[in-house]
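Chemist: Okay, here's what each chain looks like letter by letter:
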Amino acid sequence: MELYLRDVCKTYKGRNAGHDSTASFCMENVNFNLLPGKVTLVTGCSGSGKSTLLSILCGLLRPDSGKVFYGGDSIYDLDGHGLALLRNAKFGIVPQKCLLMSSLTVRENVMLPALYAGKNEKKVADKCGDLLSCLDIGSLSGRYPGELSGGEMRRVCIARAMINEPEYIFADEPTNDLDENGKKRVLSLLRESAWLGAGVLIVSHDPYAVSYADIKYGMNGGRLL
Amino acid sequence: MNVKLKLALASLKHNTARTFYLTVLISVICFSVFVGETVTSGLCGGMESLKKRLGADIIVIPSGKNRQQNFEGILLGGKPGFFYMPNSVLAEISRIDGVEMVTAQFYLASLTADCCSTELQIMGFDPDSDFIVMPWLTKSYAKKLQPGEVIAGSDVFVPKTGIIKIYNQDIKVVGSMDKTGTGLDFTVFGNTDTVKLMLRSAQKLGVSATDADPDRVVSSVMIKVRDGFDKSDIVNTINRTVAGVQAFENRDMVISFTSRLNHMTLMIKSLVAFICVLAMIMVIFVFSVMLNERKNEFGVLKIMGFTVRSLLAVVFCELVFICAAGSLTGVVMAAVWSLSFKSFLESELGVPFLFDGYESFLLHAGVTAAAGTVLSLLLLLPFVLKVLSVPTDAVMRE
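So the protein lines, in turn, are chains F and C. Note that numbering that gives the first Met the number 0 has the first sequence beginning at 0, numbered continuously upward. Note that numbering that gives the first Met the number 0 has the second sequence beginning at 0, numbered continuously upward.
The shape of chain F in the complex, shown without the other chains (with noise of 0.2 Å):
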């Protein structure tokens, strides 16, 4: 199902907006569709909009007017329970933060977005074995995020995003903290998911990353370039 974003405008001030801590941010009327199928990179310094770009499409952040379409509904028009639910079962989050559950092993925390959603166990964790594999983390399964290192934990957090075979991935900065390796392997698994027909959102200052993208947009003082 489609998503996409029509005459979207967002304005707010103080810690909010980028680094300037007095600025108001402004994005004004931005009009985005995000396709199924193909890798979006969006790219632009810091505090130009990516995030909340990609924040509001993503059911985290209400526009103060425009709305947001997914299958030809206003996912806005939804309540915070319903929000939460098409979040849970549709999209795949990749936080700029690397935040995972501390109580959580590596294997908890990637799988526990399915176990929420009501899926079997014994496949959940049959796919989750694949994507630590896939991002050669596999051996990190039973450890507590306290004992991984920056690029660990980003991709468990990819792992997790992706457990669920979202039909829209939605990744900010997801090749911080990573080498050059770490980089290939998580962008190579976004754009085979982009094959496999998911939507993808990649939000990113990384010049690595254009390479992975099937439509580029660039962005400036909350708006698309």
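It cannot be assumed that every hint is accurate.
[Claimed, not checked] Under the rule of at most 30 Å between Cα atoms (straight-line distance), these lysine-lysine pairs were calculated in the DSS-like manner:
(1) F:Lys121 / C:Lys78
(2) F:Lys118 / C:Lys195
(3) F:Lys89 / C:Lys142
(4) C:Lys159 / C:Lys178
(5) C:Lys12 / F:Lys96
(6) F:Lys66 / C:Lys294
(7) F:Lys89 / F:Lys66
(8) C:Lys203 / C:Lys178
(9) F:Lys89 / C:Lys195
(10) C:Lys12 / F:Lys126
(11) F:Lys96 / C:Lys385
(12) C:Lys203 / C:Lys223
(13) C:Lys164 / F:Lys66
(14) C:Lys171 / C:Lys142
(15) F:Lys96 / C:Lys5
(16) F:Lys122 / C:Lys12
(17) C:Lys78 / C:Lys12
Derived from the structure by calculation, the hints contain no laboratory data.
Dock chain C against chain F, hints included.
Modeler: Leaving out everything else, chain C in the frame of chain F:
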């Protein structure tokens, strides 16, 4: 296992220090509340028991410095003692207008010497005129007490033979009383003839502190006032017209003890309240710090599609475990403490203290544990709701 429950258990297990501190703090609250409740209800029970046992309107004892304290010590504190006044006062008091019934009591203290099994308070009453002791004594022994027979208070040690030696007299214990929480628990009760026999024996042995003729003395006179007469008027009349005695209303003694009791319970309740408030502040502080540290965790769960209701269920499960474990630990520790120090409280507080029955004790324990769990949950839930309402997009950014 349910994912939310699994998540809650994993969090409790992984953060053992946090779980431990919160559990300990909540257990401190429940411990204080339950111990405070046990002690204050014991004090109130003792007072009620005292009121029931003091069946006289007016009590008359020999005049003298500290005599009333001496009497209160015998009756309330279980401190053996004795004092005597001529038995002629009985006739004098009976003639006063408004006096409906009078009965005399006779007190004697045994010794910790070869002649006696143990140090005891002995209380003699006249079965023909008594209206104080008999009504509740008959619950323990329905027959008429014979000379040489006594009923023992609940805390008096009685050998298997049922015979105790007092001033070389073998006295048969024919029954034991229910606990009263007063000095009467350390007293044996016999008719006046039995107690006079003991006093004579003590005098023969040369260990008696008095050489008074047992047939010519009494220790106290208990008075029941006729309806329609003012008790304080009769007290004044006795104090004015009968030489060598002091009369006081039963109520005055109860009021004096109620006042002491009120001070004690107020002190205990204030202490409990202080500990609880302090512990609650610490619980809130630790919990708030813990929640703030976990904002990112809640955010990431929201990102992966957990609904606020599910998050609430996770935190609620954790809280239920912590609050229930804390409340149960506190109550169990308080119960162990209360039962261990039960005898100490009963004997050393210096005021009547009657411990609740075990049934009531267990009921109180259950109610305190349940209330502790529910109240701690109610105390902490607003903080959970506040944290869960934090916007998720903030978590997305560095």
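Chemist: None of the hints should be skipped; say for each whether it holds.
Modeler: Evaluated hints:
Under the criterion of a C-alpha separation no larger than 30 Å, the hint pairing lysine 121 of chain F with lysine 78 of chain C is inconsistent with the structure, at around 75 Å. A hinted pair counts as satisfied when its Cα atoms are at most 30 Å apart, and lysine 118 of chain F with lysine 195 of chain C does not qualify at roughly 90 Å. Only pairs whose Cα atoms come within 30 Å are accepted, and lysine 89 of chain F paired with lysine 142 of chain C is rejected, the gap being roughly 88 Å. Annotation: proposed proximity of lysine 159 of chain C to lysine 178 of chain C holds, straight-line Cα distance about 20 Å (limit 30 Å).
At most 30 Å may separate the alpha-carbon atoms for a hinted pair to count; lysine 12 of chain C and lysine 96 of chain F meet this at roughly 25 Å. A C-alpha spacing of about 28 Å is found between lysine 66 of chain F and lysine 294 of chain C, which places the hinted pair at or below 30 Å, so the restraint holds. Simply put, lysine 89 of chain F and lysine 66 of chain F have alpha-carbon atoms about 18 Å apart, close enough for the 30 Å limit, and the pair holds. For the hint linking lysine 203 of chain C to lysine 178 of chain C, the alpha-carbon distance of about 34 Å lies beyond 30 Å, and the restraint is violated.
The suggested pairing of lysine 89 of chain F with lysine 195 of chain C is violated, with an alpha-carbon distance near 98 Å, which exceeds 30 Å. Proposed proximity of lysine 12 of chain C and lysine 126 of chain F is supported: the alpha carbons are some 27 Å apart, at most 30 Å. Between lysine 96 of chain F and lysine 385 of chain C, the direct Cα distance comes to roughly 22 Å. Compliance with the 30 Å bound is thereby established for this hinted pair. At roughly 36 Å between alpha-carbon atoms, lysine 203 of chain C and lysine 223 of chain C are farther apart than 30 Å, so this suggested pair is violated.
A hinted pair counts as satisfied when its Cα atoms are at most 30 Å apart, and lysine 164 of chain C with lysine 66 of chain F does not qualify at roughly 99 Å. Of the supplied pair hints, the one linking lysine 171 of chain C and lysine 142 of chain C holds, its CA atoms being roughly 14 Å apart against a limit of 30 Å. Between lysine 96 of chain F and lysine 5 of chain C the alpha-carbon distance is near 25 Å, which keeps this suggested pair within the 30 Å criterion. The hinted pair formed by lysine 122 of chain F and lysine 12 of chain C meets the criterion: a straight-line CA distance of about 27 Å does not exceed 30 Å.
Proposed proximity of lysine 78 of chain C and lysine 12 of chain C is contradicted: the alpha carbons are some 54 Å apart, above 30 Å.
Violated hints, in rising order: 1, 2, 3, 8, 9, 12, 13, 17; the structure is consistent with all others.
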